[in-house]
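Asks: So the chains spell out like this:
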Amino acid sequence: MKFKAFLTENGVNLLEKRFLPALDKMGKICHLYLNRDHAIFLHNLLNGDGVQSIAQFRKEALFDDYRISSQNEDRIAFAVDISLLHRALRSSVSICTEFGNGPTANRLQIKLVKKLPPNSTQPMPFLTFETKGYKSAVIQDVPISKPMSRAQVLELQTALDMAQDLPQTLVQVPDLNQLQNFVDRMRHVGELLNISISKYGDLHIQISTTLITLGAEFQKLLVLGERADAPSEDLNLSAQTRSARAILRGDAQSVQVSVKHFGKSLQCHLAKPDCAFYGIAPQGACLTVIFQFFIPGSHQMDKSISLHCRLPVLDQGSG
Amino acid sequence: MNSPSSSAEEAPDLVCQLDNVQGMVDALTTVRWKRQQDAVMELSEHGVVLIVEETGCLQAKVYLQRELFTRYEYNGQGRPRFGVSLGLFVDCLNTFSVPGQSSILEIRYPGPDMQLLLKSVDSLDACIYAEIRTRIPDTVSWDYNFEPAGSTPLTFTVKSAALKEAIDDLEWPGSSIQINLQPVPPIVTFRGEGHGDLQIDLMYYVNTDLLVAFHCDRQVSYKYKYKFLRATTSNIPGSVIKDNRGSKLTIGRGGLLKVQHLVSVARPSTSHPRIDSAGYQQPSRIAYIEFFVKPEEDEDAANNQ
Chain A
6 MKFKAFLTEN
16 GVNLLEKRFL
26 PALDKMGKIC
36 HLYLNRDHAI
46 FLHNLLNGDG
56 VQSIAQFRKE
66 ALFDDYRISS
76 QNEDRIAFAV
86 DISLLHRALR
96 SSVSICTEFG
106 NGPTANRLQI
116 KLVKKLPPNS
126 TQPMPFLTFE
136 TKGYKSAVIQ
146 DVPISKPMSR
156 AQVLELQTAL
166 DMAQDLPQTL
176 VQVPDLNQLQ
186 NFVDRMRHVG
196 ELLNISISKY
206 GDLHIQISTT
216 LITLGAEFQK
226 LLVLGERADA
236 PSEDLNLSAQ
246 TRSARAILRG
256 DAQSVQVSVK
266 HFGKSLQCHL
276 AKPDCAFYGI
286 APQGACLTVI
296 FQFFIPGSHQ
306 MDKSISLHCR
316 LPVLDQGSG
Chain B
163 MNSPSSSAEE
173 APDLVCQLDN
183 VQGMVDALTT
193 VRWKRQQDAV
203 MELSEHGVVL
213 IVEETGCLQA
223 KVYLQRELFT
233 RYEYNGQGRP
243 RFGVSLGLFV
253 DCLNTFSVPG
263 QSSILEIRYP
273 GPDMQLLLKS
283 VDSLDACIYA
293 EIRTRIPDTV
303 SWDYNFEPAG
313 STPLTFTVKS
323 AALKEAIDDL
333 EWPGSSIQIN
343 LQPVPPIVTF
353 RGEGHGDLQI
363 DLMYYVNTDL
373 LVAFHCDRQV
383 SYKYKYKFLR
393 ATTSNIPGSV
403 IKDNRGSKLT
413 IGRGGLLKVQ
423 HLVSVARPST
433 SHPRIDSAGY
443 QQPSRIAYIE
453 FFVKPEEDED
463 AANNQ
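Quick mapping for you: the protein sequence lines, in order, are chains A and B.
For the first sequence, the numbering used here gives the first residue as 6, with consecutive numbering after it.
For the second sequence, the numbering used here gives the first residue as 163, with consecutive numbering after it.
By construction, these hints were calculated from the structure, which means they are not laboratory data.
Built from N, CA and C at the ideal position, the CB exists for glycine as well.
Careful: at least some of the hints might be erroneous.
What the hints assert, rightly or not - Chain B residues, not near chain A, derived (Cβ > 10 Å throughout):
#1 295
#2 345
#3 406
As the list claims (entries may be wrong) - With a straight-line cut-off of 25 Å between C-alpha atoms, the simulated BS3-like cross-links for lysine-lysine are:
#4 22(A) with 116(A)
#5 420(B) with 281(B)
#6 225(A) with 281(B)
#7 64(A) with 119(A)
#8 265(A) with 281(B)
#9 33(A) with 140(A)
Claimed, not checked - Distance ranges between label pairs, derived from CB positions:
#10 241(B) with 243(A): 52 to 60 Å
#11 304(A) with 298(B): 32 to 40 Å
#12 246(A) with 337(B): 52 to 60 Å
#13 263(B) with 299(A): 50 to 58 Å
#14 334(B) with 299(A): 44 to 52 Å
#15 263(B) with 238(A): 28 to 36 Å
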């Protein structure tokens, strides 16, 4: 089992400044799954009840000189502490920039090693960051779990395949920051969030307890997938009535998720996505958020990077 | 939305709009001294009054006059009163206050089920709304009729920041705090005796920046429970300190202490403090906060009679 690659400058930027801070909010521990073409960071795919997040990079997006081999079709997966990974990367970067001279002088190598830690007789696996300076080399070892067995990797791959189903209707959230601000404040009022998404481009979120109902409705959002025109007779109704009628007509779906989970999914704005879409998976299986990234300087989707989250549904609601 | 025939009889008691939600949050937070607090709201043609009380020893009122609202339509009979959870109301209002963005909030009472209805009305494609359940209000447990102690009022005005700091410092001796006013030399003394002694003197002629006004024709002295005094300043909003406002304290008959704060509910964009202090202070966009603290009954109170 071997893995060795050089992080590109772009890859370092993507991870250090954007993705690792976002993924850190999802949970301390994640699985890093590497195969011939992709590096994938996975949260909560095997243990069911949290927010699942999947950040997938084509190898060229992060690395050059990417070498991987294992007896399991060149697939390697292990668990790693995101904050440790982030720290190691950050300090490697600072060494690189501090002592760097010339574009090729310092390259950040990342590789899988087995080492004997101090005061131990058992060799342990590490993900090692190696920065070569002019006169010195700095090596940082990030402890990782024992690489997953063939059966575990298969389980992870199956869970990953299962997590690819797309909602029939997705609506674009106009301003993630604003929505996050709102949800952060809503959190004081209740714990369960009802979300309904319609084919008309409406996103309606609501907390309802015995003492208070608090909600927000965003209308005329960009719709991907199945869409419909909003009936004109609904125009002057309240948000609640409108979404109830859309659900009855079969033009909207509604699910209940935890406010905490929803807030976590919004933390992905730290990864600086160019747009975000919310949708409800078929049969109300989960609430899906898909983040899109553009090729810098364009409005074309960068297909080498993808990030999406799946929020567990606490109650299937109606529709 | 209503047809013309039904609108007359269904017109709600109050429909009002506000363009500075944060100012209202600040004003209400001032009287939020603990997590779970029941408040009574009273509506009239003059504005909205919110009242909170504790164990018959402490009462606070927030006066939101109609001038604070950009629209105020009152159709109530008598003075409608209803109970609401203060914490929930403030938390809920807070979700309407988006930093860096002005938002107009509409408040309506009553809803079809006697709820308090809130709605953001400034954006066509995004709307925040809330329905807060109201209660039949509790009867007021104690009459806080504030009467002057004599022919001249016993009162002083101190910078809110200094008052808060003094009361915060008195936490150390704790238990009960004696407030003493004497005319010659004109001094206000806060004295705490508990785990230790701490005395804070505010001298009128020495520091008029701190003690802005002082009226006292005879010496008085009353003791108040520390936790109630603390409630009067513990949640003074940052805007009050920033605007360098003063708080007015008055001792009434029987030692009843009245503490008044002023909280700005002006539109943030128009209330640049530097410009305003030179010119116009928007006097109508101020929420008045009043606390009434009952003195502790002991021999000192008797001496003053």
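Asks: Next, verify each hint and record whether it holds.
Replies: How the hints compare with the structure:
1. Distance check on residue 295(B): its Cβ comes as close as 5 Å (rounded) to a Cβ of chain A, failing to clear the 10 Å threshold; non-interface status is violated.
2. Distance check for residue 345(B) against chain A: the nearest CB is about 48 Å away, which clears 10 Å, and the non-interface claim stands.
3. A cut-off of 10 Å between C-beta atoms confirms that residue 406(B) is not in contact with chain A; the least separation is 29 Å.
4. Our distance criterion of 25 Å between C-alpha atoms is met by residue 22(A) and residue 116(A), whose separation comes to about 21 Å.
5. Note on residue 420(B) and residue 281(B): the hinted pairing is violated, with a Cα-Cα distance of about 35 Å set against a maximum of 25 Å.
6. Distance restraint check for residue 225(A) and residue 281(B): the Cα-Cα separation of roughly 19 Å lies within the 25 Å cut-off, and the hinted pair is therefore satisfied.
7. A hinted pair counts as satisfied when its Cα atoms are at most 25 Å apart, and residue 64(A) with residue 119(A) qualifies at roughly 23 Å.
8. Among the hinted pairs, residue 265(A) with residue 281(B) is consistent with the structure: their alpha-carbon atoms are about 24 Å apart, no more than 25 Å.
9. Between the alpha carbons of residue 33(A) and residue 140(A) the distance comes to roughly 35 Å, so the proposed pair goes past 25 Å and is violated.
10. One distance hint, 52 to 60 Å for the beta-carbon pair residue 241(B) and residue 243(A), is violated here, with the actual separation near 28 Å.
11. Between residue 304(A) and residue 298(B) the Cβ separation comes to about 57 Å, which falls outside the hinted range of 32 to 40 Å.
12. Against the hinted window of 52 to 60 Å, the Cβ-Cβ separation of residue 246(A) and residue 337(B) comes to about 56 Å, which satisfies the hint.
13. Look at residue 263(B) against residue 299(A): about 26 Å separates their beta carbons, and that is not inside 50 to 58 Å.
14. For residue 334(B) paired with residue 299(A), a C-beta distance near 58 Å fails the hint of 44 to 52 Å.
15. Roughly 32 Å separates the CB atoms of residue 263(B) and residue 238(A), a value that falls within the hinted 28 to 36 Å.
When each numbered hint is compared with the structure, violations occur for hints 1, 5, 9, 10, 11, 13, 14.
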